[in-house]
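Asker: Chain by chain, the residues:
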Amino acid sequence: MKKLSDLKIGEKAVVTAVNGEGAIRRRLFDMGITPGAEVYLRKKAPLGDPIEIALRGYELTLRKAEAAHVEVKEC
Amino acid sequence: MLKFALAGNPNSGKTTLFNALTGSTAHVGNWPGVTVDKKEGVYKKGPEPVEIIDLPGIYSLSPYTPEEVITRNYLLDGEADGIINIVDATNLERNLYLTTQIMEVDIPIVVALNMADVLRKNGDSIDVKTLERRIGLPVVEISALKGDNVDLLMERALQAVKEKRAGTSILKGSIIWPAISNAEIALKLKDVPAPLFHAIKLVEKDEIEVKNHPAEAQAVQAFIKENVCKKEENGIDAEAEIADARYKYITAHFSSTLTRARKPSYDHLSKSDKADKVLTHKIWGLPIFLVVLFLIFHLTFSDDLFFIGAMSGGFGGRAETLAEHPVGYIFFGGGLNTPGMILFNLMDTLTSLVGEGLTLGLEAMKAHPGLVDFIVEGMWGGVASVLSFLPQILVLFLFFSILEDSGYMARVAFMLDRIFRRFGVSGRAFMPMIMGFGCSVPAMINTRTMSDEKEREATVRVIPFFTCGAKTPILLAVAGAFVAYFKIGNADVITYAMYLAGILAAMISLLVMRSTTKRGEVSPFIMELPTYHVPGFKNLMLHLWDKAKHFLQKAFTIILLSCIVIRLLSVFTWNWTYIGEDMDKSILASLGQFIQPLFTPLGFGSQIPQYGWVFAVAAITGLIAKEDVIATFGTLAACLGAVLSQEQLDGGVAQVAYLIEVTGITKAAVISFIIFNMLTIPCFAAVAAAKGETAKGKFKWTLLFWIATSYVVSAAVYTIGEFVWPVAIWAVAIAAAVVGIVIYNKHMNKKEARAKLLGK
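Quick mapping for you: the protein sequence lines, in order, are chains F and E.
Sequence positions in the first sequence follow the numbering used here and run 351 to 425.
Sequence positions in the second sequence follow the numbering used here and run -17 to 742.
Hints in this document: simulated from the structure, not taken from any laboratory.
Among the clues, some could well be false.
Subject to a maximum C-alpha distance of 25 Å in a straight line, what follows is the list of computed DSS-like cross-link-like pairs (lysine-lysine) [said to hold, decoys possible]:
hint	chain 1	residue 1	chain 2	residue 2
1	E	Lys259	F	Lys394
2	F	Lys353	E	Lys230
3	F	Lys362	E	Lys649
Cβ-to-Cβ under 8 Å is the rule here; a few derived chain E residues that face chain F [said to hold, decoys possible]:
hint	residue
4	Tyr46
5	Arg76
6	Gly129
7	Asp130
8	Asp133
9	Tyr229
10	Tyr248
11	His250
12	Thr262
13	Leu268
14	Phe396
15	Met509
16	Leu511
17	Met565
18	Asp566
In silico negatives: residues of chain F with every beta carbon more than 12 Å from chain E [stated by the list, open to error]:
hint	residue
19	Met351
20	Asp356
21	Lys394
22	Glu402
23	Lys414
24	Lys423
Backbone N, C-alpha and C define an ideal beta-carbon position, used for all residues, glycine too.
Input sequences plus hints: build the corresponding full structure.
Answerer: Here it is, written out as structure tokens:
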């Protein structure tokens, strides 16, 4: 099972599920990370973490730890 | 008066619209979450005045961060007659997600499609008529920045509030709808206002809602289990289902109203993307940030632009004083002056001209010499020594505004999060900390964008360590005097070093607090990265004007007043006899001598018999406003009869140098004095702000933290600098503290891990 945190720079994927709980999960939903959303890993921060993804026409940054809650599949 | 609330995503231009509507000059930045409290203003261009409320930007009406709760409560309280929902047209999907939630409340709504100009510039267009029909709300295309269609928006808003509106939801048709509609009926029976909104939140198992309606919450969950889950094999997660349904609906019905000139592709790089590629580069990103930071401080404070003077072996024709060479004084120091320095010297010239003018005017009026002294040196001297730093503070502030407005600051948080996390805070803490270099008060309020309370409180505590504009004069004047009097070191280097020492103190304090009293996991870092744009000139000037106004107001009110009080206390004895220059018998002297012993371990206490109390007095007046420290020195130097030329009088350096001379304070004690003032309790305004941002009844610990930190660090600096041998004692003490904290931390980590296991 692939996670959002496993994506390589320049890779595209589709969100299949969002795990985790409480505030983090809710925030991920609110920011548009819902099943079916297409995500693209734009880049990683100079120290490797957090990551920057493009989705729904905007740029979002989140940590790998948070991205690990998001399951994705290739599209 | 009718009330309209502005609601929308962070960074969607709410505050810009607020300013355009009300003619106000509220702070705007290209950083999600600049507005963290609600602001009020009046729109006067319509048929009747209308009150406008700017609410903090939010992505959702969920209950997780303080600003989300502020906005949610405000919208639900029924205080507003209508809502203007700002939607960033260049980021339609995510912005409309909030719209689909707001429309569930029973209030008239108008959608303001902001940044329509940017959209058109990109060649894209939105079919407003279709969007309006599908969403069921009036939609107006506007540009808040240029003021386009802003009046039309208000016209539509005034029209909309004429009729009552009941909440509508796009969730009809989703599999969760039966549960929602049942909950709505139950809440209607209880006479809950905005039942649809509350019903949906109840189905989502929203914390606040479940607490308010526990019985209904149980019924709803039972209903879902009975009726909805039967159809689904794996059970159902209402929260995910609802968020998903909202975005699906938006993609299916609203996104199609947007026509793009170019098919979106991840490979195509806009100008913003190209800039970003360099600025957050894997290798160069962090060095570029450090260079930018250095350049900002260099251009603001250095008197040797790009070190041309040092490299060319000094400039010929250097002017030391104004009288020697007026033009040279302004533009040349050891080399070419930097913009900050040129403005500093200009201001210096200006204040000394005013001082001379005052003297001439008063003498022409045949005023008593004591009165001339009192007005020119006591009052004007004190205020001028503070005023002279205004240009540099403004230049520094301008640079930070540019960085914030352009969107670079958000990237810096992105780059630094990894490092910040090591100290126990998320990259989000970066913004309030950087704002702290301007003023602690807005910086402390800005911590509201942080969701974790302990992390937030720890951040509030260390914000004063980021040397603010008012503390800058202490650094510049005392460091300048230190170099001028002891003839060692370099004022520039001392100033930089003190800034860095403040940052270091903040980081160490964070680390210690987060592993002892403020333990907890680092809060999540999920943040929008705004598109870069060139900062608007008008916007920048508004920021600057605001800052200058605030500073000037302070200089001519609270600082002027303290100068007068200090001057009076220093020329009179307890039985109100005028003593003139024999200050040791004054009221101030006896008060100062009373508290003086407190500062003995720091080097500026009882070991300075001659006038040593001036340092104690200055440190205490700093609690009113930090500018007062230097203003006090200015006033006291004049009282002591410092014979200084008019140019020397302004700027504070000569006055402090004079005080160092007459008191015989040591080098180590001077440095200790600077450090004490940087780390101790901040000014009155910042203390009030910090109290407002910390939990009730817990503020005394914050005060204690400031006193203890400043006292211990200054004592260490003084004793080591003065006698060297105490270095051994301090080393042992620090080592013991570090070991203690590490052991405690490990112990607590284990305990917490065990508790977690048991909990599961």
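Asker: Run every hint past the structure and note whether it holds.
Answerer: Going through the hints against the structure:
1. Lys259(E) x Lys394(F): holds, 11 Å
2. Lys353(F) x Lys230(E): OK: Lys353(F) and Lys230(E) at ~22 Å, within 25 Å.
3. Lys362(F) x Lys649(E): violated, 61 Å
4. Tyr46: Where the cut-off is 8 Å and the nearest Cβ of chain F is about 4 Å from Tyr46(E), the hint holds.
5. Arg76: Check passed: Cβ of Arg76(E) comes within 5 Å of chain F, closer than 8 Å.
6. Gly129: violated, 25 Å
7. Asp130: violated, 22 Å
8. Asp133: violated, 29 Å
9. Tyr229: Nearest chain F Cβ about 5 Å off; hint holds.
10. Tyr248: Holds, about 5 Å.
11. His250: violated, 11 Å
12. Thr262: holds, 7 Å
13. Leu268: Check passed: Cβ of Leu268(E) comes within 5 Å of chain F, closer than 8 Å.
14. Phe396: holds, 5 Å
15. Met509: holds, 5 Å
16. Leu511: Status holds, d = 4 Å.
17. Met565: violated, 56 Å
18. Asp566: It is violated, given that the least Cβ distance between Asp566(E) and chain F is near 58 Å, above 8 Å.
19. Met351: holds, 16 Å
20. Asp356: holds, 18 Å
21. Lys394: Its Cβ does come within 12 Å of chain E, the nearest being 8 Å, so this is violated.
22. Glu402: violated, 6 Å
23. Lys414: violated, 10 Å
24. Lys423: Holds: least Cβ distance 16 Å, greater than 12 Å.
Checked against the numbered hints above, the structure breaks hints 3, 6, 7, 8, 11, 17, 18, 21, 22, 23 and satisfies the rest.
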